[in-house]
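The chain contents come next:
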Amino acid sequence: GAVVSQHPSWVICKSGTSVKIECRSLDFQATTMFWYRQFPKQSLMLMATSNEGSKATYEQGVEKDKFLINHASLTLSTLTVTSAHPEDSSFYICSVRGVRGPISGDTQYFGPGTRLTVL
Amino acid sequence: GQQVMQIPQYQHVQEGEDFTTYCNSSTTLSNIQWYKQRPGGHPVFLIQLVKSGEVKKQKRLTFQFGEAKKNSSLHITATQTTDVGTYFCAGSPATDSWGKLQFGAGTQVVVTP
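Which chain is which? The protein sequence lines are A and B, in order. Heads up: the first sequence begins at 1 in the working numbering, then just goes up one per residue. Heads up: the second sequence begins at 1 in the working numbering, then just goes up one per residue.
One chain only, chain A, in its complex shape:
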């Protein structure tokens, strides 16, 4: 399967600061990347779909001005949590899907996740 990395693996920040999380596809071109958030003992909630070279599509209830997503290349997507607050503390996970175009049925490969703690 594909190798996906995330950086940092964990981060602690003060309330009001911004945090950038990187998601990299190491061995194939990720035309589509997904960002999820997972609270303790809960399921993964899709935040946004990121397509290379275009604006991200956010799920209902996710503030696009707070969670900035940039998919600058076929191997890198970043999620910036702006003006973070304690309620933003969560496990953020990206996944990648490497097939161009609207083809369903392909698996997603998940990164190891980034644990964000906002004090």
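These are calculated hints, taken from the structure and not from any lab test. What you are looking at is a predicted structure, and each value in this text was computed from that prediction instead of being measured. Glycine included, each C-beta is placed from N, C-alpha and C at the ideal position. Be aware that a few hints might be false.
[To be verified] When the alpha-carbon atoms are kept at most 20 Å apart in a straight line, the in silico SDA-like pairs for lysine to any residue are as follows:
| # | chain 1 | residue 1 | chain 2 | residue 2 |
| --- | --- | --- | --- | --- |
| 1 | B | Lys100 | A | Pro8 |
| 2 | B | Lys100 | A | Ser18 |
| 3 | B | Lys100 | A | Cys13 |
| 4 | A | Lys41 | B | Gly66 |
| 5 | B | Lys100 | A | Glu63 |
| 6 | B | Lys100 | A | Leu74 |
| 7 | B | Lys59 | B | Met5 |
[What the hints assert, rightly or not] Here are a few chain B residues that face chain A, going by a calculated C-beta distance under 8 Å:
| # | residue |
| --- | --- |
| 8 | His42 |
| 9 | Phe45 |
| 10 | Gln48 |
| 11 | Lys51 |
| 12 | Gly53 |
| 13 | Phe88 |
| 14 | Phe103 |
Once you have looked at the hints, place chain B on chain A.
Relative to the frame of chain A, chain B by itself:
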């Protein structure tokens, strides 16, 4: 919107016993995927089912996709301590062209030796 329901939420199993976790979608799916997440880890892909009525096996794990492509199940036989973790089903709506996944709540499996 589409919802994927998964039951049970918790499953305590004696080592050696079998168990099944079920997944139901309110809408037709193009495919369903199963993932396993160990405590502290990230979801790891197990399998994808695409065809109506499809059944796939991986050693002690049997995955089924319903005829209507709205439900799925994962059956594990002779549970081992290595099966501990949370199993998620994730469905891709038939109407979605980018492969977005809707995750079920997960079944947390605890195995008693």
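Right, here's what the structure says about each hint:
no. : hint                 : in the structure
1   : Lys100(B) x Pro8(A)  : violated (25 Å)
2   : Lys100(B) x Ser18(A) : violated (27 Å)
3   : Lys100(B) x Cys13(A) : violated (30 Å)
4   : Lys41(A) x Gly66(B)  : violated (28 Å)
5   : Lys100(B) x Glu63(A) : holds (19 Å)
6   : Lys100(B) x Leu74(A) : holds (18 Å)
7   : Lys59(B) x Met5(B)   : violated (26 Å)
8   : His42                : holds (5 Å)
9   : Phe45                : holds (5 Å)
10  : Gln48                : holds (5 Å)
11  : Lys51                : violated (10 Å)
12  : Gly53                : violated (16 Å)
13  : Phe88                : holds (6 Å)
14  : Phe103               : holds (5 Å)
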